[in-house]
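K.L.:
The listed protein sequences correspond, in order, to chains W and B.
The first sequence begins at 0 in the working numbering and counts up by one.
The second sequence begins at 601 in the working numbering and counts up by one.
Don't take every hint at face value.
To be verified - Here are the simulated DSS-like pairs of lysine-lysine, each with C-alpha atoms no more than 30 Å apart in a straight line:
no. : chain 1 : residue 1 : chain 2 : residue 2
1   : B       : Lys1403   : W       : Lys76
2   : W       : Lys76     : W       : Lys28
3   : W       : Lys82     : B       : Lys1403
4   : W       : Lys82     : W       : Lys118
5   : B       : Lys1403   : B       : Lys1043
6   : W       : Lys76     : W       : Lys118
Read the hints as simulated data drawn from the structure, not as lab findings.
One-letter residues, chain by chain:
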Amino acid sequence: MIHLENVIKTYDMGPVSVVALAGINLHVKAGEFVVVLGPSGSGKSTLLNMISALDSPTEGRVVVNERDVTRTGRRAKFDFRRKNIGFIFQTFNLFPTLTALENVQYAVDLQNGKGSNGKAAQVLESVGLGPRMHHFPHELSGGEQQRVAIARALATGNPILLADEPTGELDFRTGVQILHLLEEQAHAGKTVLVVTHNREISRVADRVIELSSGEIEADGPPRGGRADISELHW
Amino acid sequence: MKLLFWLRWAWRDLRERWLQVVAIALIIALGTGIFAGLGGQESWRLRSLELTYEEMNLHDLRVRLTTGSYVDRDEALAVLNGIDGVARVDPRLLVDTLIETSNGDETIVVAGRLVGVDCEAGGPLVDTIHNYGGRMLDPGDEGVAVLETKFADYYDVGPGDRVTLIGGNELEIVGLGLSPEYIQIVPEEIGIAVQGEANLAVLYVPLATTQAVYDRPGMVNDLRLELEDGADRDAVRAEVERRMGEALPGVGAQVTTGEEDPVRVFLESDAVEDQEMLDLIAIFFLIGAALAAFNLAGRIVESQRRQIGIGMALGAPRSWLAFRPLLVGLQIALIGTVLGLLLGLGFTRLFTMTMEAFMPMPGDPGIMLHPQSFLIAAMLGIVLPLLATMIPVWQAVRTEPLEALHGHLAAKSSGLNRLLKGVRLPGRTLAQMPLKNVLRSPKRTLLTIGGLAVAVALLFLFMGLLDTLLFTLEGLENALLYRSPDRMVVTLNSFYPVDHEQVRELATLEGRGHLFADTEPFIRLRGQLRNGEEAFDALVEFIPADSTIWVPRLEEGRWGGGTEVPGIVIAQKAAEDLGVAVGDTVALEHPYREGPFAFRTMTTDLRVTGIHDNPVRGFAYIPLADAAFTGLDGLTNALVVTPGGDVDRGTIRGELFGRQDVIAIDAVAELTEGFDDMEGMMIPIMRIMQGGVVFIAFLIAFNSTSINIDDRRREVATMFAFGTPPGAVTRVQVGENVLLGLFGTLIGGALGWFMLNEMLAARMEVMMEELGLLVTIGPLSLVAAVLLGIGAVALTPLLSARKLRRIDIPSTLRVME
Ligand SMILES: Nc1ncnc2c1ncn2[C@@H]1O[C@H](COP(=O)(O)OP(=O)(O)OP(=O)(O)O)[C@@H](O)[C@H]1O
Ligand SMILES: [Mg+2]
Chain W
0 MIHLENVIKT YDMGPVSVVA LAGINLHVKA GEFVVVLGPS GSGKSTLLNM ISALDSPTEG
60 RVVVNERDVT RTGRRAKFDF RRKNIGFIFQ TFNLFPTLTA LENVQYAVDL QNGKGSNGKA
120 AQVLESVGLG PRMHHFPHEL SGGEQQRVAI ARALATGNPI LLADEPTGEL DFRTGVQILH
180 LLEEQAHAGK TVLVVTHNRE ISRVADRVIE LSSGEIEADG PPRGGRADIS ELHW
Chain B
601 MKLLFWLRWA WRDLRERWLQ VVAIALIIAL GTGIFAGLGG QESWRLRSLE LTYEEMNLHD
661 LRVRLTTGSY VDRDEALAVL NGIDGVARVD PRLLVDTLIE TSNGDETIVV AGRLVGVDCE
721 AGGPLVDTIH NYGGRMLDPG DEGVAVLETK FADYYDVGPG DRVTLIGGNE LEIVGLGLSP
781 EYIQIVPEEI GIAVQGEANL AVLYVPLATT QAVYDRPGMV NDLRLELEDG ADRDAVRAEV
841 ERRMGEALPG VGAQVTTGEE DPVRVFLESD AVEDQEMLDL IAIFFLIGAA LAAFNLAGRI
901 VESQRRQIGI GMALGAPRSW LAFRPLLVGL QIALIGTVLG LLLGLGFTRL FTMTMEAFMP
961 MPGDPGIMLH PQSFLIAAML GIVLPLLATM IPVWQAVRTE PLEALHGHLA AKSSGLNRLL
1021 KGVRLPGRTL AQMPLKNVLR SPKRTLLTIG GLAVAVALLF LFMGLLDTLL FTLEGLENAL
1081 LYRSPDRMVV TLNSFYPVDH EQVRELATLE GRGHLFADTE PFIRLRGQLR NGEEAFDALV
1141 EFIPADSTIW VPRLEEGRWG GGTEVPGIVI AQKAAEDLGV AVGDTVALEH PYREGPFAFR
1201 TMTTDLRVTG IHDNPVRGFA YIPLADAAFT GLDGLTNALV VTPGGDVDRG TIRGELFGRQ
1261 DVIAIDAVAE LTEGFDDMEG MMIPIMRIMQ GGVVFIAFLI AFNSTSINID DRRREVATMF
1321 AFGTPPGAVT RVQVGENVLL GLFGTLIGGA LGWFMLNEML AARMEVMMEE LGLLVTIGPL
1381 SLVAAVLLGI GAVALTPLLS ARKLRRIDIP STLRVME
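Generate coordinates for the entire structure from the input sequences, incorporating the hints supplied.
P.N.:
Pasting the structure below:
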């Protein structure tokens, strides 16, 4: 599903150049629940940007869903994201003038009417926000906003969910709920990548990719074994 | 902390939004520039006039005999020189006549005014002639003339050329000159409703030559008086009036002062009116700039809210927190104002050069900076935008620290969208976004709309001024030319009995067949219409009620008759100004004929029987049959004619030229052609101004759009992350701008219409009191306003489309709030 070949990303800052990714090789299968773990500045967000074609690597190849996204034009990248990726941000990034329902409807609309009426509401129900459907983002708590964001990502119907620090702004209990939601999506067949610098969170994943200074340090099941969400303590 | 540090910080804030900063600074610069550079327009022109009149020794008093009256020169001088306080009397013999001249390419037959001047003592010494080329008149000169310089320029006639007068007399042009009465050709001086420099040849001729050519030996009809220093002018004036009445009973004479000189009055009030107009325009620009600055400051403050909150949490005093955004406002104001003052210097130069080129006057004050205007402009340019910045800053530092820390309060509220809750809008969420964005922050939306409205209103105003003028002139043309559009008026040199052989002979002249298809004698007089305090000059025509050639079209009432009082038909504007309606009575001051060469002025009450459709106030018509009250019944001084078969104007002029009894041949159509010249001059000027307004409007529009885009960066990045195509995002912005533009145009249009009416009522009515203006906005102007207000505004997002595409999505998304 996701395939990275020797991906290098450097930022040229005048005389200095910052290496964000230093030759990443990675393969993620469909339906996997992957946590990307690493300290701040280790290149986690950069990695997601490569996969979502928000940014292109300096060297190497990124193939997602059999499409090489490194060598395509701008228009194709937009098209690619629209058909493949669902985003969840640390800071939610909901549209402030749209209600919860409308935020989700936005994603449905983006798929050219693929989803029928009621799909947005249905997805919102599934994340437990049925009763708050007509509230504006600023009328919702952080956790509720993040759930709207997840609903929005789900409503695209796209196979890949990318979540960059989705629990960063949230308290423990809420964070757990969010993780749980994401895990369910993986079980339902989506490929889910969750970025975090919290080792505890990584324990719920099938697979943990540890980044350090732009390199993969470890890749495999969580250290100390996979844990159930209910067993986590942050 | 160090000021330098703050300045640098604020400067960075500026650089971040340099496009908007430049746009606002430009608007400020234009406003202050116009204000500063053209603020001295009035003083310059008044000073120039003052210098001119000083140099030309403008008369202190002028004695003007009623048209048709003449007095013996020596007799008049004896009467006036005997008055205490009179230092010098300079006589004139003014004769209106046809002249013919040629510049080698074309023959010009045109109305002329011979100004016979006493040049025996090196004169004229009062109302002197300024030399614009060649030589002036010398003692003993005969058969020579100095030609008025503007006419000479227009037709390219000059020293060495010859002018033919009636009877074949020729004058040789020896020089080009200008005297104060003809600096501008005004109807009051010439007696014809509208005249341009091209339609009147003023010739300064030795007095004796004029008297000889026009068979008025020893006679004069105009006297210019210079008083001794310290003389009591009003007393002298009264004495002049008394002695003239005593010595020359039966001869009407009007005594006026130099300040009352119609050209002077016209030019002075023109300068004052122009100034008010220019100031108003500058103020509009500054208001536009202030709105824009307010808008931008609001944005900057908003984006710094969190930083302000942090500052508050750290315990920084409010003044510190307000300092940075205020500095931004100050810097924009300073940049704009400095630029504006420089622009002002340029405008001053440009203005002076334009005046010198197009209205050369003997008195040229040179480049004259008007420090007051620069000072006020600088103050307005700095204070208005700064005040505009202060409002949002003040609001921001007054919020509670916690609120500020949460940041983006406005952005996180849904604004008026609450109203839309539960309303099912058609279309997709993307399609609904424009409306929702507009409703999101009503205050900013209002500001943007306000800015657009000012721009559209300005455009409306300018377009409307021009449209109104053109529409009014079209009305004039329609009124004059609705019937017999090729008719001409042949003005006779005196009054003749209607059945006089000369008149009959004229009517039957041959020239390639019959010269005239039809002729009709009538009377044309200058007079004054009055009702109580209200009074203005009028050109009264006594025409046959059953004329087969032309009678005015009536909008109301009917043609005279039926009452014991003679009836008069006046213009709508005249009725308004006099405060009368059909059926009311007005007073007409008019010449009354006592005998040949002797007229006096008297006043007769007339009944208004109708309103004609000509917008020119001064045109009035009385049935010829009612002419008895002027002592002119049975007489005529003009013929209205229609050209015969294939006779054209030139042929008629050629045939009539040289006749002693004809002093002017005017085609009625030429009157409107004169307006076409004027339009030709005004339209480009107005168009340039409109261009400036469109530019400003565009800047305002651009400004508000780019602010919006900056504001929505995060949303745009999110949309992009989800793969929304950039085109769709731009469409949302276009949609939003269409809405803003629609409201802005509607409000601006209403505002513009209101201002147009106010302005025309308050200003143009004074500047062009002769014309009854029909306030109009033409369809083209409407289209232009809509194109700008909605079209251009809607398209501005396309300008930012590139910027949008270059947006750094990951880092925009990452921004913490
Ligand atoms: N636009 C950029 N310009 C320059 N350097 C950048 C840019 N974006 C990221 N970097 C650098 O690349 C490296 C990796 O950044 P990245 O955002 O991927 O880290 P991260 O693992 O997501 O960190 P965090 O946990 O703090 O979000 C960092 O050293 C960062 O400074
Ligand atoms: Mg990161």
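K.L.:
Going straight from one Cα to the other, do B/Lys1403 and W/Lys76 come out at no more than 30 Å?
P.N.:
Measuring from Cα to Cα gives roughly 18 Å; hence the hint holds.
K.L.:
Between the alpha carbons of B/Lys1403 and B/Lys1043, is the straight-line distance 30 Å or under?
P.N.:
OK: B/Lys1403 and B/Lys1043 at ~26 Å, within 30 Å.
K.L.:
Given the hint that W/Lys76 pairs with W/Lys28, test it: the Cα-Cα distance must not exceed 30 Å.
P.N.:
OK: W/Lys76 and W/Lys28 at ~21 Å, within 30 Å.
K.L.:
Hinted pair, alpha-carbon criterion (30 Å max): W/Lys82, W/Lys118. Please report holds or violated.
P.N.:
17 Å, holds
K.L.:
Need the status of pair W/Lys82, B/Lys1403: alpha-carbon distance at most 30 Å?
P.N.:
Distance ~25 Å between W/Lys82 and B/Lys1403 Cα, so the pair holds.
K.L.:
Need the status of pair W/Lys76, W/Lys118: alpha-carbon distance at most 30 Å?
P.N.:
26 Å, holds
The structure fails none of the hints (numbered hints given earlier).
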